[in-house]
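**Q** My request is simple: use the sequences and hints to build the entire structure.
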Amino acid sequence: MSRQEMLPDILVKDLKLDSKCRLTILIKNSGKKRISSADLRLNRLLVRMGKKKIILPVSKYDPRGVLAVPDRLLSVKTGILIEKPVSLTAVVDSTEIIRESNEINNELRKKITPVCSGKETSKLQRYSSTENEKKSGGKSSRTHPLPRGSDGIKPVKALPTIPPLEISSIKKKRNEIIVIIKKKGKAKLTNEQLSSARLVISAQKNHKTWPFVKVDRSLRHLNGPQGQVEFHSGIHLTQPAKVEVRITGRGLTIQRSVYLKPSMRLPETPDSGEAFVQQKKKRSSKKRIKFPTASIAAADQMTGDNRTTALGSSLLDRLPGMKILYFKEKKDTTGLVFQPGDNSSSPDSMTIVAGEVVPLKWSVELHDVNNVETFIEGGSLLSPVRTGAYHTASDGTRTYDGEYSFHPTQDTRYILTAKAQSNSANVTGTITESREFTVRVRRPDLTVLPPVIDSESMTARILARNDGDGDFLESPVSVRYEIRAIRPHSSNQVSNSVFSSEPVAIAPGETVELGTISLNEFRDILLDYPTMQIDVSLYYPHYPVLIAGTDLQHFLHNWETRTIELSHSLLSLLTPLTTIEIELNNYLPERGGLPEIRDDSRMNFTIEGITGGGEYTFDIPSPVYVVRESRRVSGTHHTINIESRYAIYIDHITSANGVIQIRDGKIVIHIEFPNSGSSEIKLGRVSGGNFDDEAIPDIDLESFSVDVALTPTVSSGTLSYGAIDINVPVIDARVSGSFHGLNGFIRIFLRDYVTNTVRNQLNTILNSASVKTMIKSGLASVVNFGRSPVPHVVRVRGVGDTITIYYH
1 MSRQEMLPDI
11 LVKDLKLDSK
21 CRLTILIKNS
31 GKKRISSADL
41 RLNRLLVRMG
51 KKKIILPVSK
61 YDPRGVLAVP
71 DRLLSVKTGI
81 LIEKPVSLTA
91 VVDSTEIIRE
101 SNEINNELRK
111 KITPVCSGKE
121 TSKLQRYSST
131 ENEKKSGGKS
141 SRTHPLPRGS
151 DGIKPVKALP
161 TIPPLEISSI
171 KKKRNEIIVI
181 IKKKGKAKLT
191 NEQLSSARLV
201 ISAQKNHKTW
211 PFVKVDRSLR
221 HLNGPQGQVE
231 FHSGIHLTQP
241 AKVEVRITGR
251 GLTIQRSVYL
261 KPSMRLPETP
271 DSGEAFVQQK
281 KKRSSKKRIK
291 FPTASIAAAD
301 QMTGDNRTTA
311 LGSSLLDRLP
321 GMKILYFKEK
331 KDTTGLVFQP
341 GDNSSSPDSM
351 TIVAGEVVPL
361 KWSVELHDVN
371 NVETFIEGGS
381 LLSPVRTGAY
391 HTASDGTRTY
401 DGEYSFHPTQ
411 DTRYILTAKA
421 QSNSANVTGT
431 ITESREFTVR
441 VRRPDLTVLP
451 PVIDSESMTA
461 RILARNDGDG
471 DFLESPVSVR
481 YEIRAIRPHS
491 SNQVSNSVFS
501 SEPVAIAPGE
511 TVELGTISLN
521 EFRDILLDYP
531 TMQIDVSLYY
541 PHYPVLIAGT
551 DLQHFLHNWE
561 TRTIELSHSL
571 LSLLTPLTTI
581 EIELNNYLPE
591 RGGLPEIRDD
601 SRMNFTIEGI
611 TGGGEYTFDI
621 PSPVYVVRES
631 RRVSGTHHTI
641 NIESRYAIYI
651 DHITSANGVI
661 QIRDGKIVIH
671 IEFPNSGSSE
681 IKLGRVSGGN
691 FDDEAIPDID
701 LESFSVDVAL
711 TPTVSSGTLS
721 YGAIDINVPV
731 IDARVSGSFH
741 GLNGFIRIFL
751 RDYVTNTVRN
761 QLNTILNSAS
771 VKTMIKSGLA
781 SVVNFGRSPV
791 PHVVRVRGVG
801 DTITIYYH
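If you're matching positions, the sequence shown starts at 1 in this note's numbering and goes up one per residue.
Misleading hints may appear alongside valid ones.
[Unchecked claim] Below are the DSS-like pairs computed for lysine-lysine, each with C-alpha atoms no more than 27 Å apart in a straight line:
hint	residue 1	residue 2
1	Lys-261	Lys-242
2	Lys-242	Lys-419
3	Lys-173	Lys-261
4	Lys-242	Lys-188
5	Lys-184	Lys-20
6	Lys-172	Lys-110
7	Lys-330	Lys-182
8	Lys-242	Lys-361
9	Lys-242	Lys-171
10	Lys-171	Lys-261
11	Lys-20	Lys-110
12	Lys-60	Lys-205
13	Lys-32	Lys-13
14	Lys-361	Lys-419
15	Lys-51	Lys-110
16	Lys-361	Lys-171
17	Lys-330	Lys-242
18	Lys-77	Lys-172
19	Lys-110	Lys-182
20	Lys-205	Lys-173
21	Lys-173	Lys-323
22	Lys-60	Lys-110
23	Lys-171	Lys-182
24	Lys-172	Lys-184
25	Lys-13	Lys-51
26	Lys-419	Lys-171
27	Lys-77	Lys-28
28	Lys-53	Lys-28
What the hints contain is simulated information worked out from the structure, not anything from laboratory work. Here the structure is a predicted model, which is why all the values come from computation and not from measurement.
**A** Here it is, written out as structure tokens:
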């Protein structure tokens with residue numbers, strides 16, 4: 001079976017609707033291999049309906065890992081409601097995390113026409129953005145991200161529904177809260193449209209709700225010429241307070257808040273001017289104003305309802321004071337992300353993404369005061385922001401206005417404080433007013449995911465997911481990593497470096513690839529260990545605002561160990577391609593004098609198609625033996641000492657081609673010397689510098705063999721050999737007749753000069769780099785015969801006629 005077929009293969013089998021027109025997607029693993037749990041967690045299912053896209057985590061619908069098993073079918077009940085004919089596209093493994101045998105069958109398109117027994121609202125319907133963009137003419141507005149589940153799915157951003165109404169104004173009349181609601185557009189409203197609508201007003205710990213039918217009965221005001229209704233809430237202000245008004249209901253998302261202060265009211269029966277001043281100080285502690293006694297006495301004479309009106313014209317209109325008209329986001333005119341708003345309707349809070357700028361502006365209405373000062377405090381400001389300028393409107397209204405841009409990196413409450421001195425001769429003191437504006441900051445939070453390791457290409461893909469609630473703005477990410485080779489009780493650092501990714505923008509819940517680390521340079525070291533550890537951390541030197549990097553994350557990868565058996569029969573395939581021959585010679589009779597020739601012995605080691613090896617020459621010495629013997633002189637009793645000299649030569653002893661086999665768990669090279677006849681050993685007398693072998697009978701040399709046993713081992717991730725055991729038997733040769741006394745010299749020559757020379761030469765040649773590399777390449781060609789190359793051998797074990805190879 002090919003390697004391609006041993007991979008998973010996930011595909012979308014069908015798209016169908018249940019009885020309530022909710023979409024069900026059938027997914028199957030039609031491959032031959034299980035999907036790892038890590039890949040299952042990263043698997044995402046993309047559903048496209050026109051321009052609408054929904055991303056679903058498959059693991060949420062498959063807690064038991066059904067899809068991991070080959071030939072198993074998973075039914076994903078998405079809960080998406082299909083109410084009209086639509087063309088659907090489903091893409092499984094949309095992020096291409098899983099390696100598959102077929103990478104182009106992950107998508108299925110189908111047109112579906114719903115036929116349902118009943119309607120049901122899908123929770124995913126409100127995630128749509130394209131329809132609302134069409135209704136708003138393509139204008140987008142700020143949205144808050146939907147909460148993410150534990151699976152980290154990226155929420156689909158939604159635009160709020162455009163309501164048919166607006167809260168035009170929130171005001172007070174005789175300290176009663178009054179809300180003015182206007183109709184948007186010219187179309188007539190119906191009671192059915194507003195049947196579920198509710199008006200909610202919150203102020204001074206009061207929280208009241210009215211059905212809309214009580215706000216405008218029969219809609220006669222909203223559908224009237226002015227298209228608005230004025231609603232008197234019955235809630236009276238007794239102190240400064242924030243007033244929040246909401247209209248809620250299906251299709252209605254209207255909210256507005258203002259800051260209101262009650263009108264000054266006099267005590268019913270003040271006993272004295274001093275009592276009035278004490279009560280005034282109690283109700284408005286921020287205004288430290290001293291009233292003249294004459295003015296208070298004039299107020300004491302007023303009775304009934306006319307008291308307030310008279311005081312408003314005679315005293316209150318002349319009192320120094322100021323009022324913060326607004327403290328809000330500055331209207332955007334440059335196409336930035338901020339929404340424009342008028343002074344009366346701008347909210348007192350906003351939400352941004354970390355890195356965005358918050359431009360705020362404010363206006364303080366002044367009456368008979370001077371030395372006005374405004375300052376803003378809050379957040380990470382080291383000192384208050386003090387700025388502003390006086391302005392006078394066409395109607396004579398005098399204001400003190402300012403604006404400033406802030407760069408908050410976290411949720412911040414900005415407090416605007418306005419101070420002024422009374423400019424009246426009758427009233428002295430300092431007047432202080434304040435208002436708040438809250439900025440909520442959505443921040444990205446990148447999490448390093450386990451690297452995706454490809455053991456064939458030896459690469460590690462570095463992935464990151466945005467687990468924050470804000471977008472990661474387009475910027476490069478710096479990745480610091482360290483790679484270690486791990487085995488029990490020891491480790492080896494092989495790399496420590498940093499790289500910078502391409503600029504990336506990452507939405508909440510989205511996963512991106514930051515880059516790929518090549519491990520090829522460290523292949524041999526890493527694969528020699530059972531486990532690799534990759535430590536990764538991220539930091540953002542080019543991000544527009546300061547955000548914290550990630551802590552160092554540690555990831556372990558265990559190399560998968562596989563085995564292959566090298567048998568005697570498989571190794572024998574190498575013999576026909578191999579030439580291993582030995583020729584021994586130091587005899588050259590054609591030359592005069594002694595027939596010795598040096599460096600004429602040869603060993604030939606070659607493997608067809610593989611570089612290395614070659615022919616190697618060496619020398620077998622030809623010693624001269626001196627024989628002393630005593631002989632009796634004929635006819636006497638005397639003896640004389642005679643000294644004879646003998647030389648021994650080898651005349652072309654040639655081996656057959658060597659055979660490679662496995663024996664006792666070792667690689668054995670068996671070399672036969674099939675000697676026959678008596679011409680291989682030349683023995684003769686040396687006299688006067690000449691060699692004479694005529695008088696000495698021929699020497700019989702028996703056949704013999706040489707066995708070279710190579711112990712299998714691992715070198716640089718490939719099969720090699722270590723110890724070399726050369727077995728050269730005792731070579732037996734003898735001479736018969738009256739020269740049998742020379743047999744001892746012959747055995748010494750064969751042992752000390754022939755056998756030892758052959759053993760030493762074989763050991764030298766087989767330990768040479770050239771021959772060792774050639775034999776390693778030949779063994780690798782046999783191991784990889786008919787299969788993909790073995791990436792990295794980590795261990796070998798030889799038993800009998802088989803060598804087991806363990807590799808990563």
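**Q** If you draw a straight line from the CA of Lys-172 to the CA of Lys-110, is it 27 Å or shorter?
**A** Measuring from Cα to Cα gives roughly 59 Å; hence the hint is violated.
**Q** Going straight from one Cα to the other, do Lys-110 and Lys-182 come out at no more than 27 Å?
**A** violated, 45 Å
**Q** Would you mind confirming whether the straight-line C-alpha gap from Lys-242 to Lys-361 stays at or under 27 Å?
**A** holds, 19 Å
**Q** Within 27 Å, alpha carbon to alpha carbon, are Lys-171 and Lys-182?
**A** holds, 14 Å
**Q** Against the 27 Å threshold, does the CA-CA distance of Lys-77 and Lys-172 hold or violate the hint?
**A** It is violated: about 53 Å lies between the C-alpha atoms, which goes past 27 Å.
**Q** Quick one, are Lys-32 and Lys-13 close enough, alpha carbons at most 27 Å?
**A** Cα-Cα ~17 Å, so holds.
**Q** If you draw a straight line from the CA of Lys-60 to the CA of Lys-205, is it 27 Å or shorter?
**A** violated, 42 Å
**Q** Mind checking the alpha carbons of Lys-20 and Lys-110 for me, to see if they're no more than 27 Å apart?
**A** holds, 19 Å
**Q** Can you confirm whether the C-alpha distance between Lys-184 and Lys-20 stays at or below 27 Å?
**A** violated, 35 Å
**Q** Just to be careful, I want the Cα atoms of Lys-361 and Lys-419 compared with a cutoff of 27 Å; is the pair within it?
**A** It holds: about 17 Å lies between the C-alpha atoms, which stays within 27 Å.
**Q** Take the C-alpha atoms of Lys-242 and Lys-171, compute the straight-line distance between them, and say whether it is at most 27 Å.
**A** Satisfied, since the Cα-Cα distance of roughly 12 Å is no more than 27 Å.
**Q** Would the hint linking Lys-173 and Lys-261 be met if the CA-CA limit is 27 Å?
**A** holds, 11 Å
Checked against the numbered hints above, the structure violates hints 4, 5, 6, 12, 18 and 19; every other hint is satisfied.
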